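There are 2 protein chains.
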Amino acid sequence: MGETTIAGYDYGEVKPSPVTREELELLKRSVLFGPEDEAALRRAGEVLGGQVEDVLDVWYGFVGANPHLLAEFSTPEGEPVTAYLERVRGRFGQWIRDTCARPYDDAWLAYQEEIAERHTPEKKNKTDGVTSVPYVPLRYLIALIYPITATVRDFLAKGETPAADVDAMHEAWRKSVIMQVALWSRPYATALW
Amino acid sequence: MGETTIAGYDYGEVKPSPVTREELELLKRSVLFGPEDEAALRRAGEVLGGQVEDVLDVWYGFVGANPHLLAEFSTPEGEPVTAYLERVRGRFGQWIRDTCARPYDDAWLAYQEEIAERHTPEKKNKTDGVTSVPYVPLRYLIALIYPITATVRDFLAKGETPAADVDAMHEAWRKSVIMQVALWSRPYATALW
Ligand code: HEM
Ligand code: HEM
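Protein chains in written order, with UniProt numbering: chain A, 1 to 193; chain B, 1 to 193.
These are calculated hints, taken from the structure and not from any lab test. The reader is advised that the hints may include incorrect statements.
Chain copies aren't distinguished; within one or between two, either way the pair holds.
[Said to hold, decoys possible] Straight line, CA to CA, 30 Å or less: simulated DSS-like cross-link-like pairs of lysine-lysine:
#1 Lys123 / Lys28
#2 Lys15 / Lys124
#3 Lys15 / Lys126
#4 Lys123 / Lys15
#5 Lys15 / Lys28
#6 Lys158 / Lys123
#7 Lys15 / Lys158
#8 Lys124 / Lys28
#9 Lys124 / Lys158
#10 Lys158 / Lys28
#11 Lys126 / Lys158
Being a predicted model, the structure only gives us computed values, none of them experimental.
Construct the complete structure from the given sequences, taking the supplied hints into account.
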């Protein structure tokens, strides 16, 4: 999979998550995520696999068109950091594949916490050694659930799959993204998480 | 509208929100919420208006079936507080109507902050004078975006509306709920919001 060539992608090499498997189980129940969703995500991975760059074009287009979002990839003075945008893009693409194909086990949970921290003052900018603003505001992390879930539908529909299965894949994608943002909110909310 | 008969419903009577209209504007852009969504929500209000109790039956059924959610309406020892569940139900029903029909102005923003705080140690339990756990964990607030958005579709589809309009109403509902949860995360994340 060429994973080792993705700059700053440290799946399998990070500390364990403070979130337990039991807490993950309860989150799964809260978003109604079950074995059918896992299966649907595997199929979604097949459909999206060849379109990852196109999906990223849409998302990066959205970020680029919104100064309040581009700011998080920019210097504190507001100059976009191209190398930062590019390096994160590679990891974002891998995240699409991971969301569809990885088992949601301890290694996954550990990397969820890593992604969370990379959005906060704890770790933002460090992986890429860049000078940028210190954190991504939590409200935008939550808000982007909408574009990141709505925009995959067209790509899911490009496969040979019947409409009912596009629906199943799309719902599974929504559940997973919402659950991941819930996990990523942990270092923001700490004791109230 | 009989609003004054809803126990603990204080719309229009709470302090201004610390969130500015400009911040709200940027959140709207982040979830792609525009004038067509406002219009779609007005239509959704017409369709959902007569079904509010049925919608609440589904959501309360979900909460009741999940001990980790029912716990937030229970004593610290785990005994569900019936009066609490019932009083909040009235306000929850009104929230469905408000989400569809209210302008998202300063009064709305102020009540958003009030709803937020009522999920946190700041204000939970106080409105109803009950003894319950001190806060709703942020992760469940985010996770419930899924059931609260997925389950309205059947109700929206019960109107006389063509499928394309059901889609438009449903997307507007999703955007609004995600944006509201983003607003409600403020007292949880404070400086990182
Ligand atoms: C649902 C919403 C979001 C998803 C799914 C998401 C996903 C990701 C992923 C997968 C990564 C790379 C993780 C890794 O290092 O392996 C990442 C990093 C990053 N994201 Fe997000 N993100 C979201 C919201 C946002 C928002 C709203 C912003 C603000 C514009 C943002 C800015 C960033 C930045 C700046 C990084 C690099 C962090 C670093 O310095 O390592 N993200 N995001
Ligand atoms: C998208 C998710 C959620 C929505 C839309 C939502 C909506 C609401 C609304 C509209 C109210 C009444 C506000 C008022 O007082 O006027 C409320 C209160 C409440 N909600 Fe939520 N809620 C969500 C998530 C949760 C979760 C996950 C729980 C945990 C089971 C929860 C537990 C409560 C409780 C206990 C109250 C009463 C708070 C008090 O003491 O005043 N909510 N919620």
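Structure-based check of all given hints:
no.	hint	result
1	Lys123 / Lys28	both (26 Å within a copy, 28 Å between copies)
2	Lys15 / Lys124	within (16 Å within a copy, 35 Å between copies)
3	Lys15 / Lys126	within (16 Å within a copy, 40 Å between copies)
4	Lys123 / Lys15	within (13 Å within a copy, 36 Å between copies)
5	Lys15 / Lys28	within (22 Å within a copy, 36 Å between copies)
6	Lys158 / Lys123	neither (37 Å within a copy, 48 Å between copies)
7	Lys15 / Lys158	neither (38 Å within a copy, 49 Å between copies)
8	Lys124 / Lys28	both (27 Å within a copy, 25 Å between copies)
9	Lys124 / Lys158	neither (35 Å within a copy, 46 Å between copies)
10	Lys158 / Lys28	both (28 Å within a copy, 29 Å between copies)
11	Lys126 / Lys158	neither (37 Å within a copy, 51 Å between copies)
Hint check: violations occur at hints 6, 7, 9 and 11; the rest are consistent with the structure.
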